[in-house]
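Starting from the given sequences, assemble the full structure and let the hints guide the process.
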Amino acid sequence: MNKFFSNRKLVIVVVCIILSFGFMTFSVAVRNNKATPPLIQQFGNDIAGFGTSIIAVPANAIHSGASNIGELFDAYDENQRLKPQVQKVASTLVRNQTLEDENKQLKRQLNVGKTLTDYKIINSAVITRSPSAWEQQIIINKGQSAGVQKNMAVLGGKGLIGRVTEVNKTNSKVGLITNTADSADRFAIQITNKKNQVVNGIITGYSRQKNLIEMGNITNKIKLKPGDKVSTSGLGGVTPKGIYVGTVVKKSSDDYGLSSKIYIKPAADMNNLQVVSVAIRDN
Amino acid sequence: MLRNTAFKYVFPIGMLISIFLDGSIFSIFGASLSFHAVPNLSFLWIFLTMFFINDDEIHYELWAMLAGIIIDLFYMGFLGVYTFIFPLAIYFSRWIYKHLPLNIISAFLIYFIDITMIYSLSLLANRLESLTNMSWSFYLVYVLGPTLVINLAFLIILYIPIQSLFDKLK
Numbered sequence: 001m002n003k004f005f006s007n008r009k010l011v012i013v014v015v016c017i018i019l020s021f022g023f024m025t026f027s028v029a030v031r032n033n034k035a036t037p038p039l040i041q042q043f044g045n046d047i048a049g050f051g052t053s054i055i056a057v058p059a060n061a062i063h064s065g066a067s068n069i070g071e072l073f074d075a076y077d078e079n080q081r082l083k084p085q086v087q088k089v090a091s092t093l094v095r096n097q098t099l100e101d102e103n104k105q106l107k108r109q110l111n112v113g114k115t116l117t118d119y120k121i122i123n124s125a126v127i128t129r130s131p132s133a134w135e136q137q138i139i140i141n142k143g144q145s146a147g148v149q150k151n152m153a154v155l156g157g158k159g160l161i162g163r164v165t166e167v168n169k170t171n172s173k174v175g176l177i178t179n180t181a182d183s184a185d186r187f188a189i190q191i192t193n194k195k196n197q198v199v200n201g202i203i204t205g206y207s208r209q210k211n212l213i214e215m216g217n218i219t220n221k222i223k224l225k226p227g228d229k230v231s232t233s234g235l236g237g238v239t240p241k242g243i244y245v246g247t248v249v250k251k252s253s254d255d256y257g258l259s260s261k262i263y264i265k266p267a268a269d270m271n272n273l274q275v276v277s278v279a280i281r282d283n
Numbered sequence: 001m002l003r004n005t006a007f008k009y010v011f012p013i014g015m016l017i018s019i020f021l022d023g024s025i026f027s028i029f030g031a032s033l034s035f036h037a038v039p040n041l042s043f044l045w046i047f048l049t050m051f052f053i054n055d056d057e058i059h060y061e062l063w064a065m066l067a068g069i070i071i072d073l074f075y076m077g078f079l080g081v082y083t084f085i086f087p088l089a090i091y092f093s094r095w096i097y098k099h100l101p102l103n104i105i106s107a108f109l110i111y112f113i114d115i116t117m118i119y120s121l122s123l124l125a126n127r128l129e130s131l132t133n134m135s136w137s138f139y140l141v142y143v144l145g146p147t148l149v150i151n152l153a154f155l156i157i158l159y160i161p162i163q164s165l166f167d168k169l170k
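The listed protein sequences correspond, in order, to chains Y and D. According to my numbering, the first sequence holds residues 1 to 283 in order. According to my numbering, the second sequence holds residues 1 to 170 in order.
Bear in mind the hints are in silico, worked out from the structure with no lab data behind them. Here the structure is a predicted model, which is why all the values come from computation and not from measurement. Heads up, the beta-carbon is just placed ideally off N, CA and C, and yes, glycines get one too. This list has only true hints and no planted wrong ones.
Label pairs and their calculated CB-CB ranges:
#	chain 1	residue 1	chain 2	residue 2	range
1	Y	Ser259	D	Ser34	27 to 35 Å
2	D	Ser34	Y	Ser253	19 to 27 Å
3	D	Leu109	Y	Asn7	27 to 35 Å
4	Y	Gly51	D	Gly145	29 to 37 Å
So this is what it looks like as structure tokens:
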């Protein structure tokens, strides 16, 4: 080992370690505190985003071709199962529309204006994903020029998937809710049980082995059952109210037995995202 | 830095393509199970180039650092992890490579150590900066194992094609 760690090299190694942590601390601080990254980084990321979309388009085409063939085999079974539900969906849609209109009229009469549930969406395609097991991030093809801003909530598939962590001109990074950074923003969520009682709280963690979201520090005694629906509460920050998060799986007490912890199964499949929408609160 | 004209273009373009392929492959196949098999074609490309064209004139550490900076800024969103780990791994492989014969077995062995080193050091740095709370036991079972399997498979599949490519370019 004498040759590998000669005196001069040892100095270089130490300097590199210090520089590495210096860079990390500095750039993480910039990422957490600034609305957009420095211009030079934005420029580089935009070019890289353009480059990656050249690769991503054929790759995604192959992927969707393969999965289409796979889905073809299940199509008959699914069709049988879904036929009865289609009628129900149509009537629910009509009812939804009527209620939405009525809601709008009532809001106008009462002069409440926009509330927490009003939001617009920007649809965008997922161009790539960070190749890292712990940095759970996807990169989408809409940025500042499309109106995306930092910290906006992102929906994918059936529900909430995460929030925008970095915005460049033409692409942005989305940190998934399965990300476990200490500085990650927590979503304010609420659980409604069958009796319409509401438990408010925030997402406090993610259990990797079970693939469940954790909602900790719950002290009230409202009874929750597996299957109760979880949605965002719209309190604090820019997340709108009423975005579906998932369903309750189980409730257990925390490590010290003082409060309880609720495990939530996320509705969206974080591992197969191709199209996502960024939610912009409308007020 | 890169004298041979054909090689001058092939190496940087291959590096960029392999960096972008990493993300695409991971987004399509890598995360579909609870195992996290992270492909690392960008390092494989630099590693195999270093392995086949052992030219002291080419500063592989600097190229590795460039690849690390692109990965850090574009994929991770912060600087300083792969920027230093990639050159370290290349430096280490160059050092150990002088003592071993040039064949696929020694490439396999060095690459095994490199991948283990890259991901372990990167998790260590991420944990020290509190960017993740992944435990070492989870890492060993669900991340390092599958990652080694997929990357060594890529090495074995791509060894001969890349060797013949560089033989043609020489």
